[in-house]
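Chains A and B supply the protein sequences, listed in that same order.
Last residue of the first sequence: 504 (the working numbering), numbering continuous.
Last residue of the second sequence: 167 (the working numbering), numbering continuous.
Check the hints yourself; a few may be wrong.
The following residues of chain B were derived to be distant from chain A, with all beta-carbon distances above 10 Å [unchecked claim]:
1) I26
2) A35
3) R52
4) R60
5) K142
6) E158
Once the Cα atoms are required to be at most 30 Å apart in a straight line, the calculated BS3-like pairs of lysine-lysine come out as [stated by the list, open to error]:
7) A:K354 / B:K159
8) A:K354 / B:K121
9) B:K139 / B:K150
10) A:K175 / B:K139
11) A:K121 / A:K3
Short, incomplete list of chain B residues facing chain A, as computed with Cβ under 8 Å [what the hints assert, rightly or not]:
12) L4
13) A5
14) T6
15) F24
16) F28
17) I49
18) V58
19) A59
20) V66
21) V67
22) R70
23) T74
24) L113
25) P116
Calculated from the structure, these hints are not laboratory results.
For clarity, every value in this text was computed on a predicted model and none was experimentally measured.
For every residue, glycine included, the Cβ atom is placed at its ideal position computed from N, Cα and C.
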Amino acid sequence: MFKRILIANRGEIAVRIIRACRELGIESIAVYSDADRAALHVREADHAYPVGPAPAAQSYLNTAKILEAAKSSRADAVHPGYGFFSERAAFARSVQRAGLTWIGPPPDAIERMGDKVEARKLMSSAGVPVVPGSPGTLETEAEVAAFAKTIGFPIMVKAAAGGGGKGLRFVENAKDLASAVRTVASEARSSFGDGRLYVEKFLKQPRHIEVQLLADAHGNIVHVFERECSIQRRHQKVVEESPSPFITAKMRAEMGKVAVRAAKAVNYVSAGTIEFLVDAQHNFYFLEMNTRIQVEHPVTELVTGVDLVRAQIEIAAGAKLPFKQKDLTQRGWAIECRIYAEDPAAGFAPAPGKIETLRFPDGPGVRNDAGVYAGAEVPVFYDPMISKLAVWGADREQAVDRMRRALGDFVISGDLRTNLDFHRWLMTNPRFLKGDFDTYFIDREYHPNENGAAPHGAELAAIFLAAIAAQKNANHSNGAGTQPAAAPNASAWRMIGRLDTLRR
Amino acid sequence: MRYLATLGGQEHEIEIEELAADSFAIRFGENRFEADLRRVGPGSFSVIINNRSFDFDVARDGEETVVASRIGSTRLTVADPARRTARAAGKRREVSGRVEIKSALPGRIVNVLVAPGDEVKAEQGIIIVEAMKMENEVKAPKAGKVVEVKVVAGQAVEKGQLMIVIE
């Protein structure tokens, strides 16, 4: 087993990996940018190395600096988490060339799955159904337009090097095509350094359902069931659950089998995920493979009892999978809500800032994977995730009830906004409760600026009183220059009384 | 003491009277409630009205006060009537023919499509900002002349940062 693992990441996933290391008796090495000196992952790790300025390109994507940190710290392996270097084959190779173990799939598998057009071809020839679309890459707007005519609108225009919800546009009709092609190509060039495009037919009422895989280096591979990830905004997931309320046992087995076949086609090792689009008629199509640990891995862990991050580390150290397919079962139901510093009323735009008050929910069936603490800053430079709140229940109804309760217990305030109210809305939405949704659910159903049931009566009176008391307290502390201590049970009113005296 | 609260576009005149230590009467519209108020943390308040227990965390967001409970958060502004009048007057002064284009999100400038002196039409694309992993074209909110360009391509911008001024 490894002695020291360097974690080339930040935020909650770095903390998650540090926890796995600690449980395995492995020393953890954090890296941090200038913006993250006081971040939670730095505080939690055994060792910490600065790797450059705040922008990711100069720090968390700085190969030389990270390898230097690995060398100075005498790390024997590197875990990339998700995002950043996790799906960059070149970095994985550099790690291996430096004599370190890469905790992830073979670089060759990353590369073959990373080119979305090549991956589609490969999957087709392996007998895995793919979304109907262009057989190869398309270069010009004219080529895209010509191909679109053959399959008919609406279509999705996607970057060949894209993935994870980046570099794609929905195109309703021919007149929107030109601008979509331009922006996707431009995004693709700036984000992936590769402007090639491809086109997929748009499936109506699509669901996004993915299958978790685990493979060791000895030829053993299992699927660890599915995750339902259809609740998305901007093509990015915000709520995930396992099982999916949409699929049958027969379909689950079939999707698992196909996912295993897909991974075998690239000699996959480590944890990975096959993403499928599922249409209203229950047909499923290969979308892409994520060759890394996923953000939403906790829901799988909660229903199967498999520790996926620990498994990644053990597999990288050469261990055989400790179970076979028949040993794995889904027990109960798990749901995860991604808590982001973003403003649902402004199209879910990032709204990061400093956290002042923070109280995480706990109690039965609650798991919270956080990368922040009270007093911490959610920096503007990275993904504005605060935490992943996950719950387990005996069935979907109990899991939803628990999530609603846990969301109520979640308190966060400060110079930022969060999507907590969105999640609270979702957990009471009749359609969501029935399991009736697709990837366009949020766009269609969520109208944050339409006022719902406004508080009234005693509740409104209580809100007024608390708001006025808080404002008076704040004015008092600013005006008199003394910060009132957080005295429990302090009289709010005496504070107000004193303020009034000062004013007069 | 009297206050004016604005909540969901509606104004409420509120009167609060101290009855005893921690105990208040709150009047607004036809309503009158007696409340027991305790401050239980820097921004945390426990309120009991007719044996109903409310637990709030209160924070400021610019002009607004955000009162968060387990059900959700309520945004409102609170002022005593004298101060409210002063603020309303201040707001009126800001209005002029000058439009400041500020970044709605933290992001990076991909391209600036106009230069000082350019005449722009309403809805004309003037700047491309990459944010939320996507490129977004910012359009001119009105026709006019570009008088200032405060950003260059490649630059990072913060939320609310001034980018372009049109007159």
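Q) Can you name, in rising order, the numbers of the hints this structure does not satisfy? A) Hint check: 1, 2, 3, 4, 6, 8, 11, 12, 14, 24, 25 fail, others pass.
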